[in-house]
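J.: Here the protein sequences come in this chain order: V and Y. Per the working numbering, residue 1 is the first one in the first sequence, and the count goes up by one each step. Per the working numbering, residue 412 is the first one in the second sequence, and the count goes up by one each step.
Simulated from the structure, these hints should not be mistaken for lab results. Note that this is a predicted model, so its numbers are computed, not measured. Each statement offered as a hint is correct.
Computed footprint of chain V on chain Y; a stretch qualifies when at least three of its residues, placed anywhere within it, have a C-beta under 8 Å from a C-beta of chain V:
id	segment
1	441-452
2	507-519
3	534-547
4	551-558
5	679-691
6	764-778
7	810-821
Under the rule of at most 27 Å between Cα atoms (straight-line distance), these lysine-lysine pairs were calculated in the DSS-like manner:
id	chain 1	residue 1	chain 2	residue 2
8	Y	Lys495	V	Lys409
9	V	Lys409	Y	Lys492
10	V	Lys401	V	Lys385
11	V	Lys385	V	Lys407
12	Y	Lys818	Y	Lys796
13	V	Lys143	Y	Lys554
14	Y	Lys820	V	Lys84
15	Y	Lys820	V	Lys81
16	V	Lys407	V	Lys392
Glycine is no exception: its CB is placed at the ideal position from the N, C-alpha and C atoms.
Letter by letter, the chains look like this.
There are 2 protein chains.
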Amino acid sequence: MERISRSRMQEMDAADPLAFTRDRFAFPGGVIYLDGNSLGAMPRVAAARVATTVGEEWANGLIRSWNSADWIDLPRTVGEKIGKLIGAAPGTVVAADSTSVNLFKLLSVALSLRPDRRVILTEEGNFPTDLYMASGLADLLGKGHEVRIVPPEEIVRAMTPDTAVVMLTEVNYRTGFKRDMAGLTRAAHAAGALSLWDLAHSAGAFPVDLTAADADFAVGCGYKYLNGGPGAPAFAYVAPRFLEGLRQPLTGWLGHARPFAFAPAYEPARGIDALRVGTPSVIGMSALDAALDAFDGVSLLDLRRKADRLWDILVSQVDGYAPELQPITPSDPALRGTQASFRHPEAYAIMQALIARGVIGDFREPDIMRFGITPLYLRHIDVWKAARAIGKVMTLREWDKPEFRQKAKVV
Amino acid sequence: MERISRSRMQEMDAADPLAFTRDRFAFPGGVIYLDGNSLGAMPRVAAARVATTVGEEWANGLIRSWNSADWIDLPRTVGEKIGKLIGAAPGTVVAADSTSVNLFKLLSVALSLRPDRRVILTEEGNFPTDLYMASGLADLLGKGHEVRIVPPEEIVRAMTPDTAVVMLTEVNYRTGFKRDMAGLTRAAHAAGALSLWDLAHSAGAFPVDLTAADADFAVGCGYKYLNGGPGAPAFAYVAPRFLEGLRQPLTGWLGHARPFAFAPAYEPARGIDALRVGTPSVIGMSALDAALDAFDGVSLLDLRRKADRLWDILVSQVDGYAPELQPITPSDPALRGTQASFRHPEAYAIMQALIARGVIGDFREPDIMRFGITPLYLRHIDVWKAARAIGKVMTLREWDKPEFRQKAKVV
Numbered sequence: 001m002e003r004i005s006r007s008r009m010q011e012m013d014a015a016d017p018l019a020f021t022r023d024r025f026a027f028p029g030g031v032i033y034l035d036g037n038s039l040g041a042m043p044r045v046a047a048a049r050v051a052t053t054v055g056e057e058w059a060n061g062l063i064r065s066w067n068s069a070d071w072i073d074l075p076r077t078v079g080e081k082i083g084k085l086i087g088a089a090p091g092t093v094v095a096a097d098s099t100s101v102n103l104f105k106l107l108s109v110a111l112s113l114r115p116d117r118r119v120i121l122t123e124e125g126n127f128p129t130d131l132y133m134a135s136g137l138a139d140l141l142g143k144g145h146e147v148r149i150v151p152p153e154e155i156v157r158a159m160t161p162d163t164a165v166v167m168l169t170e171v172n173y174r175t176g177f178k179r180d181m182a183g184l185t186r187a188a189h190a191a192g193a194l195s196l197w198d199l200a201h202s203a204g205a206f207p208v209d210l211t212a213a214d215a216d217f218a219v220g221c222g223y224k225y226l227n228g229g230p231g232a233p234a235f236a237y238v239a240p241r242f243l244e245g246l247r248q249p250l251t252g253w254l255g256h257a258r259p260f261a262f263a264p265a266y267e268p269a270r271g272i273d274a275l276r277v278g279t280p281s282v283i284g285m286s287a288l289d290a291a292l293d294a295f296d297g298v299s300l301l302d303l304r305r306k307a308d309r310l311w312d313i314l315v316s317q318v319d320g321y322a323p324e325l326q327p328i329t330p331s332d333p334a335l336r337g338t339q340a341s342f343r344h345p346e347a348y349a350i351m352q353a354l355i356a357r358g359v360i361g362d363f364r365e366p367d368i369m370r371f372g373i374t375p376l377y378l379r380h381i382d383v384w385k386a387a388r389a390i391g392k393v394m395t396l397r398e399w400d401k402p403e404f405r406q407k408a409k410v411v
Numbered sequence: 412m413e414r415i416s417r418s419r420m421q422e423m424d425a426a427d428p429l430a431f432t433r434d435r436f437a438f439p440g441g442v443i444y445l446d447g448n449s450l451g452a453m454p455r456v457a458a459a460r461v462a463t464t465v466g467e468e469w470a471n472g473l474i475r476s477w478n479s480a481d482w483i484d485l486p487r488t489v490g491e492k493i494g495k496l497i498g499a500a501p502g503t504v505v506a507a508d509s510t511s512v513n514l515f516k517l518l519s520v521a522l523s524l525r526p527d528r529r530v531i532l533t534e535e536g537n538f539p540t541d542l543y544m545a546s547g548l549a550d551l552l553g554k555g556h557e558v559r560i561v562p563p564e565e566i567v568r569a570m571t572p573d574t575a576v577v578m579l580t581e582v583n584y585r586t587g588f589k590r591d592m593a594g595l596t597r598a599a600h601a602a603g604a605l606s607l608w609d610l611a612h613s614a615g616a617f618p619v620d621l622t623a624a625d626a627d628f629a630v631g632c633g634y635k636y637l638n639g640g641p642g643a644p645a646f647a648y649v650a651p652r653f654l655e656g657l658r659q660p661l662t663g664w665l666g667h668a669r670p671f672a673f674a675p676a677y678e679p680a681r682g683i684d685a686l687r688v689g690t691p692s693v694i695g696m697s698a699l700d701a702a703l704d705a706f707d708g709v710s711l712l713d714l715r716r717k718a719d720r721l722w723d724i725l726v727s728q729v730d731g732y733a734p735e736l737q738p739i740t741p742s743d744p745a746l747r748g749t750q751a752s753f754r755h756p757e758a759y760a761i762m763q764a765l766i767a768r769g770v771i772g773d774f775r776e777p778d779i780m781r782f783g784i785t786p787l788y789l790r791h792i793d794v795w796k797a798a799r800a801i802g803k804v805m806t807l808r809e810w811d812k813p814e815f816r817q818k819a820k821v822v
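With the hints as constraints, model all of the structure from the sequences given.
T.: Below is the structure:
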């Protein structure tokens with residue numbers, strides 16, 4: 001490998017058009033944070049906003065804040081902000097519930113649009129909750145629906161006349177491999193099926209264009225690259241062509257056309273609001289709303305370019321220091337998201353040793369170390385230092401201690 | 412009526428065994444808050460806890476806080492605290508999602524336990540989201556399930572051999588009328604049906620004993636009498652006899668037996684954890700967790716006794732000042748929760764005029780004014796002053812202004 005010098009990193013940071021966003025985030029001292037793909041770092045404005053929501057809107061505004069602080073509109077306000085990051089037309093995204101619950105709603109919608117087809121098609125290695133939620137829905141319906149899980153390379157061939165919906169995650173949570181959303185959506189449509197995309201590792205990471213990809217439905221996560229805070233509300237997208245008459249089975253009062261009429265019969269709200277269910281989680285929703293302002297003035301193309309530079313630095317330097325760590329994320333930027341994953345039989349212990357050094361990534365079963373590249377708050381020097389730390393952990397076998405093998409409850 | 416003197420109120424406040432809890436809450440100046448049945452006031456400890464969760468656990472702990480701050484256990488930690496307020500055995504309550512979504516899960520469980528029965532029985536005037544969610548589930552199943560809505564007085568007669576589950580709210584959100592949970596559950600069981608109780612206006616308001624009532628399932632709200640903050644997570648209860656093999660259709664990853672194994676097939680967690688779905692809303696869950704400590708050292712029986720004293724003061728004084736306001740909440744404490752509702756054709760405008768005077772209650776269609784009695788933070792003098800304010804608004808016809816008739820988005 002070619003060793004890159006520290007001074008070169010400093011030059012790149014000095015020339016970085018996105019350097020201005022780092023100060024929008026708070027960090028503990030002594031930490032290089034490479035796990036923003038699991039929980040995004042805290043935008044300072046989110047903490048300030050939460051303090052206002054709690055200490056003023058709740059404490060002093062009390063019930064009046066539903067109107068005066070526009071709490072009731074947060075699901076749409078936040079949805080519109082997210083929509084701009086994922087190429088969604090106005091009025092097509094809402095923030096609500098969890099990714100899992102939103103997936104349930106949209107799968108139900110998709111199946112109702114293809115009543116003669118019985119297959120939810122997905123691939124091996126898709127995020128487990130997506131597979132579980134699809135199975136839960138299929139079982140509940142009890143009409144012979146099947147969640148068909150095929151190897152990734154067979155997905156197009158598997159789009160047969162019984163396929164109702166192709167449910168895929170754009171970026172694989174373990175490998176970082178990125179699916180061709182436009183191409184696969186085209187293939188799904190050619191087979192008469194619909195497409196549902198999980199953008200958990202896409203939204204806020206790089207430019208996503210649901211409109212150009214002609215995607216039918218999408219869900220995604222508020223607490224990863226969108227930095228909305230732990231357990232932030234998720235989002236759901238519906239293509240404009242399906243908004244008219246949109247109806248889903250979790251028919252809660254805030255998805256009603258006139259929630260405060262308290263009418264006995266359900267009548268779905270028009271458009272994307274029909275995806276709303278119960279009372280929104282205002283505090284978490286406020287944090288996410290504010291957090292999204294960390295993207296103000298940021299070109300997603302610049303973000304992607306910087307992510308690719310950081311990725312190259314990290315992977316090339318790790319290759320030099322620790323060639324025994326096997327990179328499993330595609331080196332072609334077109335084929336990956338922004339994480340870098342490596343395989344090693346001792347991946348768990350290595351990650352614990354790294355965390356003890358202040359370099360935080362995470363581990364995924366059975367043998368994968370993940371490093372999230374989040375250019376809003378990472379500098380070139382950070383990933384350069386992280387690679388050096390990885391080198392030390394490997395060279396000195398720092399991971400080879402019993403305490404680093406004890407698995408925590410949450411890994 | 413008998414006019415009660417201000418000095419009598421001061422005596423009662425001085426002798427109040429629950430006076431010590433008021434300082435646990437923050438209030439704006441000049442406000443008497445009688446809407447804790449819609450959004451509980453803010454426990455100071457909740458604000459402090461949210462600041463810690465955001466400013467330390469998220470900002471500094473980052474992803475590590477899932478373990479170090481026990482974020483992952485919050486749904487159970489909070490569930491146990493709520494369980495103590497509603498007579499639930501340990502391990503039978505979990506905090507998660509919204510009331511609506513929890514209702515969907517538990518209705519599904521109930522129907523799966525009575526596969527030969529097709530009726531979800533409920534009553535007219537039940538909270539609309541409960542009716543909507545039940546209909547949404549029935550429609551989704553597409554097997555001829557029916558949501559049968561009968562007048563309240565016919566509920567027992569309507570428990571026929573086709574009734575799978577009797578779904579009721581213990582305290583009616585408009586009238587404050589309280590159902591006999593034990594008696595109706597007994598009747599449901601005698602008819603071979605299950606019971607599902609919505610405790611939205613019960614939990615934290617007065618002693619609830621799910622165990623003694625032999626209730627099968629229950630859901631409830633975190634942001635009303637539990638003071639968990641706007642849109643706080645809701646809770647779900649399952650009787651111990653149904654915990655073994657518990658399975659519900661929203662099969663998200665955190666309801667899996669081993670979520671971090673990331674196994675492709677779903678295997679439900681044992682017990683109440685099977686009701687978990689996606690990632691919990693940590694910030695809101697932390698607020699609720701802390702808020703529940705406002706009940707520390709509080710006897711729910713004392714709470715109820717004080718609520719009844721406050722109720723009597725409010726209703727008797729309003730009757731004196733403004734007999735044209737028609738009380739619709741039962742005067743027998745055994746037949747009501749802790750709210751006091753009145754009917755008047757100008758209810759909306761009257762409530763707006765009252766709010767302009769700093770007395771905050773709320774309005775429900777078509778002609779109902781609600782006042783929530785929340786003794787954790789209300790003094791005798793508060794409800795006495797509120798009654799005087801109501802008297803002034805009525806006597807001076809303060810409500811008779813055009814601006815008080817303009818309905819806000821959220822009422």
